[in-house]
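**Student:** Okay, here's what each chain looks like letter by letter:
2 protein chains.
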Amino acid sequence: MLNFDFYNPTRICFGEGRIKDLDKLVPANARPLILYGGSSAERTGTLAEVKAGLGDRDALQFGGIEPNPTFETLSKAVEVVRNEGVDFLLAVGGGSVIDGTKFVAAAACYDSDPWEILTTNGAKIKSALPFGTVLTLPATGSEMNNGGVVTRQSIHAKLPFRSKLLFPQFSVLDPTKSYTLPERQVANGVVDAFVHIVEQYLTYPVNARVQDRFAEGLLQTLIEIGPDALKKPDDYDVRANLMWVASLALNGLIGAGVPQDWATHMIGHEITALYGLDHAQTLAIVLPAVLEHQREAKGKKLLQYGSRVWGINDGTEEQRISAAISKTREFFESLGVRTRLGDYQLQHDTIAPLIAQLEAHGMKKLGEHRDITPEASQQILEACL
Amino acid sequence: MLNFDFYNPTRICFGEGRIKDLDKLVPANARPLILYGGSSAERTGTLAEVKAGLGDRDALQFGGIEPNPTFETLSKAVEVVRNEGVDFLLAVGGGSVIDGTKFVAAAACYDSDPWEILTTNGAKIKSALPFGTVLTLPATGSEMNNGGVVTRQSIHAKLPFRSKLLFPQFSVLDPTKSYTLPERQVANGVVDAFVHIVEQYLTYPVNARVQDRFAEGLLQTLIEIGPDALKKPDDYDVRANLMWVASLALNGLIGAGVPQDWATHMIGHEITALYGLDHAQTLAIVLPAVLEHQREAKGKKLLQYGSRVWGINDGTEEQRISAAISKTREFFESLGVRTRLGDYQLQHDTIAPLIAQLEAHGMKKLGEHRDITPEASQQILEACL
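Chains G and X supply the protein sequences, listed in that same order.
The opening residue of the first sequence carries number 3 in this note's numbering; numbering runs sequentially from there.
The opening residue of the second sequence carries number 3 in this note's numbering; numbering runs sequentially from there.
Where hints are given, some of them may not hold.
Since copy identity is lost for identical chains, a pair holds within one copy or between any two.
Derived DSBU-like pairs (lysine-lysine); straight-line CA-CA distance at most 30 Å [as the list claims (entries may be wrong)]:
(1) Lys234 with Lys302
(2) Lys366 with Lys166
(3) Lys126 with Lys22
(4) Lys367 with Lys53
(5) Lys128 with Lys22
(6) Lys234 with Lys366
(7) Lys26 with Lys166
(8) Lys53 with Lys234
(9) Lys302 with Lys233
(10) Lys234 with Lys26
(11) Lys329 with Lys128
(12) Lys78 with Lys26
(13) Lys329 with Lys53
(14) Lys329 with Lys367
(15) Lys329 with Lys126
(16) Lys128 with Lys367
(17) Lys367 with Lys302
It should be emphasised that the hints constitute simulated quantities derived from the structure, not laboratory data.
The whole structure should be built from the sequences, with the hints applied where relevant.
**Tutor:** Quick look at the structure:
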């Protein structure tokens, strides 16, 4: 096991009806701003429920945070915060709204150009507004961690940031709030959580037995509930398990003390930034190709993954590794999330611009061995066609 | 899944050599008091290492906190805190020292008789000194939760307490600090962690798939490493996994959203208070009898436990349940921890006083169904003979 620090002070308030606790969770004298996405928060009644949960407060609202939240939109929210004396943020939505809220929390307290927050991966953040979240879309885990990703539309850059100051103070996880999600978003959420887990698990063994067992348990749960998450949108237990898995997939726990490989996310970000695919669609495309490209370096863990998660115990090692990668691809496809660039009409000529963007963003040594160079990324993307 | 709150702000600093980080972890201007147990902290050099880790500070010391820490001893530590203007506590030891430090942290700030802290299960705690821990004995999980147990020797009472104010600010987990532990303490630690997990897992199903998988993963890990934890005291990976399992076994995570059954601990506490057995020895005696007594109510989870943790898949349901309970008993015995009252020369006449103590302490409705009455406890204890 590698040395590690684990620290996660976010309070999770889990279960049906917990939005009514907001008035106790938000500091008594705070002037909150509710941040949300499109019209669905209004249409489904969640926004009204949140306002009721806040009691007599005079809460401001900022809607219109888009999927892959943009620096441009969030900068307008920062203006509202500054002009209106807002001192507490409340994100109502999925990972995009929560990531965006984290950026606003930091940018509102940032003295110079907030773009620096993204070009320095959050390293220059010295203070941030406190914030909480009401989660409606189980997927990214942003509700229980201190990181986010923001896109600058004007230059097609999608960049991550994190800071110890950006943990939500609380997150309300009410599984019933996910009942009205479109099937595509639910499927994307399952894939996103699955890939988060894999990226902290499928590297090389360091005898971190607990982390391995936890990762495997989360993957097994996603495989068990994935189909019903699509078929039975109002099955409470299915959505409750999906919501809790997605939070635990990226709250620091399974990644503590083990090597990590975020190559799939980094390559995927560039596909979204240039060609507009959903985040999870890019992951479903890139992950199988990364595993295939790294099948030797990841061999031992791929065999363990195949055996413990998929029950693959017969055949040669090569056959078992291939079967484990195939099962992964088939799982994504079974959810309706396609796994080839060609499924989105992206051909070979789309790869060179992606490599150029990876290089421009310093993503030249990806993977747990830092050996996924631009040349390797090129090979991986060619295998995604 | 049941509704739940999960909140755990303790920072874990894990790995060999982390004691040197103490100077950064303890607030710069604090006046700390180091609390520890017997002479082993001095003999092994851990105390000196801690003092060196604290840098130039003028740290006070309070040694002599015993296993099953007593109200009497801890009251002396409270006096030191008050007389010397101590404003930060640092526990160096295992669960007893950490539990005791939690009590001192609360009692030092308590205006009336601190005995009330124990008679009200911590409900009256309004403030507490901040504290950190350096863990030397993986077992109780106290290093990553907000509860403790203290014994009042004069009346043979061993009572639990907890408070949201009693999370350690940090805990340093250096597996090498456990190398010098006597075999008996290591075996006790494995049993204690195992029983903590079982008490949050073996109740009735509420479709909490993640919590079940995590609990099963922790149990599997203990079963895998248990023998080597005794045979190879300086195997870093074994001790690292043991230490992290023990913390995760009782940090709130696997118990969030599921029914719990602490009957084994409550009955065990009385055995320790009256007859002086080690805490884990009492658990190894009581747990198999509780599972047997509740085999119908716990049937579904016992079958799941048998299958997933022990690989028991053949035979009738009754046979599989019996096999799962037998495996549990055999595991404890394999570690050298005996599982019968008779192994400690405690005969039938020792039971009536235990029941009287359970009644005196209000432990009349134990178990996840609150149906373990004093009569049921009597039956359970008779089955422990």
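**Student:** Does each hint hold? Answer for all of them.
**Tutor:** Status of the hints after comparison with the structure:
1. Lys234 with Lys302: between (36 Å within a copy, 25 Å between copies)
2. Lys366 with Lys166: within (26 Å within a copy, 45 Å between copies)
3. Lys126 with Lys22: between (36 Å within a copy, 26 Å between copies)
4. Lys367 with Lys53: Classified as neither; 46 Å inside a copy, 41 Å across copies.
5. Lys128 with Lys22: Intra 32 Å, inter 26 Å, cutoff 30 Å: inter-copy only.
6. Lys234 with Lys366: Answer is neither; intra-copy 42 Å and inter-copy 42 Å both fail.
7. Lys26 with Lys166: Cα proximity of lysine 26 and lysine 166: in one copy and across copies (24 Å, 16 Å).
8. Lys53 with Lys234: Intra 29 Å, inter 58 Å, cutoff 30 Å: intra-copy only.
9. Lys302 with Lys233: This pair counts as between: shortest inter-copy Cα distance 26 Å, intra-copy 35 Å.
10. Lys234 with Lys26: Result: close neither inside a copy nor across copies, 33 Å intra and 50 Å inter.
11. Lys329 with Lys128: neither (44 Å within a copy, 54 Å between copies)
12. Lys78 with Lys26: within (29 Å within a copy, 39 Å between copies)
13. Lys329 with Lys53: Neither, since 44 Å and 53 Å both go past 30 Å.
14. Lys329 with Lys367: within (28 Å within a copy, 48 Å between copies)
15. Lys329 with Lys126: neither (42 Å within a copy, 54 Å between copies)
16. Lys128 with Lys367: The answer is within: 28 Å in one copy meets 30 Å, while 51 Å across copies does not.
17. Lys367 with Lys302: Within one copy only: 22 Å inside, 49 Å across.
Taken one by one, the earlier hints fail for this structure at numbers 4, 6, 10, 11, 13 and 15, listed in ascending order.
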